[in-house]
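With the sequences and hints as input, model every part of the structure.
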Amino acid sequence: MDLSELFKSKHNGPDYISRKRFLQNAGGGIGGLALATLLGSDSLAATTPSHSSLNPLAPKSPMMPAKVKRVISIFCFGGLSHIDAFDYKHELVVKDGVSVAGRPEFDTMGRSAPGRLMKSPWSFKPYGQSGTLVSDLFPNIGNCIDDIALIRSMVSDSNNHVPALYHMLTGSILAGRPGLGSWVTYGLGTENQNLPAFVVMTDPRALVGGGAANWNSAFLPSNFQGVQFRSGGLPVLNLKPPSDLTPERQRENIHFIEKLNDEFLRSHPAEQDMAARIQTYELAFRMQSEATEAVDISRESTATKSLYGMDRPETEVFGKQCLLARRLVERGVRFVQLYSGGGVFDQNWDAHNGMVANHSMHAKEVDQPVAGLIRDLKQRGLFEDTLVIFHTEFGRMPFTEGSTGRDHNPHAFSCWIAGGGVKGGTVHGASDEIGYKVASDPHPVHDLNATVLHLLGLDHLKLTYFYNGRNMRLTDVYGNVIQQVLA
Amino acid sequence: MINNADNHLKHMSLHARRYKILVLMSVSLVSLCAPLLTIANISPKGQSHSNPGTVSPFDSKVLPILQQRCLGCHGVDGHLANLDLRTKATALKGGTHGAAFKPGNSKDSLLYQLISGVRAPQMPPGGKLPAAEIAALKQWIDSGANYGPTQITTAAKQTWWSFKVPVLPKVPGLKSSWVKTPIDSFILDKLTESHLSTTKPASRRVLIRRAYFDLIGLPPSPAEVTAFEEDRSPKAWGKVVDRLLASPRYGERWARHWLDVVRYADSGGFEGDKDRLLAWRYRDYVIDSFNSDKPFDLFLKEQIAGDEYRPHDPEALVATGYLGLGCEDLAQVKSKRFRADEVDDIIATTCSSIFGLTVMCARCHDHKYDPIKQTDYYRLAAIFYPTIRKEIDIPSDEQKSVAAEQNALIDKRESAILEIFQPLKQKALSLVKTMGMSNPTDDQLASVLNEPERKQFKDLNAQIKAMDATRPPYPKAMVVTDVGSTFPEMKLHIRGDAEHPGAPVKPGFICSLPGGDRDIPESVARTETTGRRHEFAEWAASRKNPLTARVWVNRVWRQHFGRGLVNTPSNFGINGELPTHPELLDYLAVKFMDGGWKTKPLHKLILMSSVWQQSSEAQETSLRTDPQNKLLWRMPVRRLEAEAIRDSMLAVCGTLNLEMHGPPVYPPVDPSLRFDTFQGVNWPVGDDNPQTRRRSIYIKIKRSLIFPGLDVFDCPEITNSVAARNVTTTPLQTLMLLNDPLILKQATLFAERLERECGADKSAIVNRAYSIAFDRPPTKSELAMSVQYLNTHTRAEFCQAILNLNEFLYIE
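If you read the protein sequences in the order shown, they are chains A and B.
Residue numbers for the first sequence follow my numbering, beginning at 1 and rising by one.
Residue numbers for the second sequence follow my numbering, beginning at 1 and rising by one.
It is worth saying that the hints were derived from the structure and are not from the lab.
Please note that a few of the clues may not be correct.
Listed below are the simulated DSS-like cross-link pairs for lysine-lysine, each with C-alpha atoms no more than 25 Å apart in a straight line [stated by the list, open to error]: (1) K240(A) x K745(B); (2) K591(B) x K239(B); (3) K164(B) x K200(B); (4) K465(B) x K427(B); (5) K762(B) x K259(A); (6) K745(B) x K259(A); (7) K128(B) x K462(A).
Shown next as structure tokens:
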């Protein structure tokens, strides 16, 4: 017997005081008034038609027709070099080795001294019908290029990792703003209440810079906070009951708690928060089994696992995370965020000390898994209403730092999106002939975030939360939807 | 094309630093203001705060709407579409699209057409106004669109209620036995006006529990409740309140509220999230200040300028730790812009926590709503720019004399050794020099000596080092002071960009506030500091400042009633909410200042009031009229904060370690979590033991790893000032209460306590558990259910259930 079934059936026993009945009857009574208060205080309720529910994470209709229902964000922490990956620069081949030292137009903004122009150590090939050039770092992603809309003209406001991360992921270079996934779940709720709405998986070797502030709900209620799935042990903290407690016995315990809580609620019928809290016991109980099941990949076929590269040591870890991402969105999780890279120096894409060793290693880890994810989403019919974002905090310089490294470049870098509503095979925007600055269609990170919200049916201008004297937005007071990448 | 991109990037960089700034055309600014004014439906006086009798209908009804909704773009700070709505004449002259209105005819008036949605675009751009406001404007136009006597200029904004110095209002003379304190008069007056009635008094048990949680954040023991229930003297209640206010637990509870406001943490945030190993001294300073009921004005002065008030007093120096609490990106290049961000953080926190003003909005341009000029911002910036963090010794006089004594002894003993050691060292040094070695280590020095000398050198050196190690260390503290007595001239940053200096500004205050237009002269400089913060503190923490006392008493009120009289505790500006009881707020503020800025009497006044002593029972009619309980027709039921939940749990289980003060403690966290932190070095491994079962205020606040037991119950990620915590209900909280090993352990210890206290008898155990946890006996059915449950379940399981109950997490 399925555990959740067991849970339900026991609940309909004779001494079960029907909270549901209490809530159903609430329309006219005192509870209903309190419920109205609760909904009235939900600032979103004013702009978005929402399901009547005590649960702030209940699914909500988008503001406008949506192209996708869910998002998988893949973030390359450290600064993926656009000119070595998705933005081929012939001019760098021509001018390879030309010194730019002391030339004021090349500025690392107080970082390392510019050395000489350096061509990409990787060769580029055209892929797909679109013939977009992709480097040998990403042959598998290259093979998906016709499903991808590539933006080669991203611009960041910061040339330092953590502020740039916050900028890309929360819309502000300073900590203290809600993450992209928090805004999305605030706007849309989530489909499966038994799993977290917004799941984050970080690189198991080290945490991404800036830590939880990248997915914190900040001033939004903490229901919308990203839940970090642990890289070792249980995916969610405290997910597992004590080892000596059988599910049946735990259900009895919960049932006992509920009975006592119901007794107390009867003398406090207007307290909707308490009623809502009683409901969380059912959710928590089911989350134990569902979240555990969601991360159990033992039933995935060998073919699926190797599609994600789980059969090779270098792609095993990220492959598993990509596979988990698919399993989670498949089960109704609204937003999944994966991080490639953490910690410092070569633990992430921060290739100051040499491009080849650093980017070869990290690209090898993600190329097959990400491509596998796209293929798997397609073969399962999920691709049409899922959005995959492949982003990073900034690009890297066309000239050397030291002898073979590259420093941070916020003036121009590349990101791509794929999935429902996305015009696959597009290349939009361009950097200049050496990839130092954007040459056409510059897009600050707010534009990418506005586009993500747009695809989800959320207007970035209207998705607001009143805080600190004004209506806050993910895109602050900026942001334009990048129409050119939309199908 | 490259140039274009460059310009664009520059443009974006400017914007990045204006992260908190309101931009004129932001289309969504207004849409969510809608719920803020609904109290006007309940309270006809609404805005007419100071002197209802003399205020014109325009001033009371229309002006606030125009100010809040329209004048930001069409008047005070700009004339978008060439429209200026500040006077009837300019409004009739109209803008690009013609006259704003036709007096007497709302239907044909542009203003009405735009706000009602008859004509596009919708105004205000962020969303339609509440129906009541549209109706008010319609009525105003229909009755001739006459303006009031006051001319609306930027200067006129000074009449915004919170910018006027509070005067003691008359207490409404109500004849009602319900009125026990002046607070009750003000509350009852409003309730009567809205045809609402009060709720019966809470039971003595509920009262004393409520007082314990409010004041010390811990439940009373059953004996304390019984004693109070049995003490029928009229002074019994006052005694309970006094006892709680005198408890050291009070400071631990109330310091935490202040730490939220000043965004206290034990680490610096950003990439490395470096530990601040001495930050706790400031936390202890706050605890002690609350416990000693330090006058609030002095408390503020010490935090802003303790080094200037009492440069040799450790307490005052530690207080300045406040100025260094902000996040610090150690990886960031220390550029002009970086420093500007740091100073902005100090200005934002200081002004929102003390004045309830969003001064940071004026970093790039004049504030769009409040009368705060961009120059005001840089006048304030000039005060904080000279500051710098410093680690210093803070010995007390006693420590100094003890140290001098001990050092003299050590010096004496060392001198004998040094007599032999010094010649050896000299010899080694000269040998080393001939070998061309500079800055030799001790080992290198030893290596050039011959065998017996080498041994002697090493032995003596070790002895000296051992003796030096016994020299008494002075306690250290992280403080903030100025870099010197002078500082380069401050220049306004054009559009908020530190790289684009504009006109010079003199250090000073916010000009539109009373006494705020004074420049700080250079003559105030001290020997080592500029003296500017001292001047600022004198102005900020003074009776003449209309905001400081109001903002603080409102924070205290909010903590007792779950909502503030001004329900935006850190925003008393035009975009904040209006006070529900403006006269009461002023009464409390003035009395607070009259009483020497003491917070404890304020608590007592509140706790002695009938309004605070009401039951939390909800009456259907009142719920219908005032669903949010803005007028306080009952006491709201409140969820305990994260710290109070954990502390109460430890108290009930009999394991709370009440040791005070000192470096933070690290209760164990799930190993995976520790591993997942940046660079994996954040949280030391440790056991769950009595040393970690301290009150939650002593738990390490690591910005990148908030202790999960607190995090899950909305303990904030502490980057910015937190005016009011969120209260959420999530299944993750429930998973924690069900499965967390620390909580399971507490349940076991609770069970052991019960067993010790009442043996194995099931009824006795249930009765005792309810008594300890809830200060009441179980009901008949609770007892029956519990005893039956204990037939098949362990006592620890039963205890865990008790800790899971709503009654444990909510204050009635």
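A quick look at each hint next to the structure:
Among the hinted pairs, K240(A) with K745(B) is consistent with the structure: their alpha-carbon atoms are about 15 Å apart, no more than 25 Å. With a C-alpha separation of about 22 Å, the suggested pair K591(B) and K239(B) falls inside the 25 Å cut-off, and the hint holds. Pair hint K164(B) plus K200(B) does not hold up; C-alpha atoms about 37 Å apart against a cutoff of 25 Å. Among the hinted pairs, K465(B) with K427(B) is consistent with the structure: their alpha-carbon atoms are about 20 Å apart, no more than 25 Å.
Pair hint K762(B) plus K259(A) holds up; C-alpha atoms about 19 Å apart against a cutoff of 25 Å. Under the criterion of a C-alpha separation no larger than 25 Å, the hint pairing K745(B) with K259(A) is consistent with the structure, at around 24 Å. For the suggested pair K128(B) and K462(A), the alpha carbons sit about 13 Å apart, so the restraint of at most 25 Å is met.
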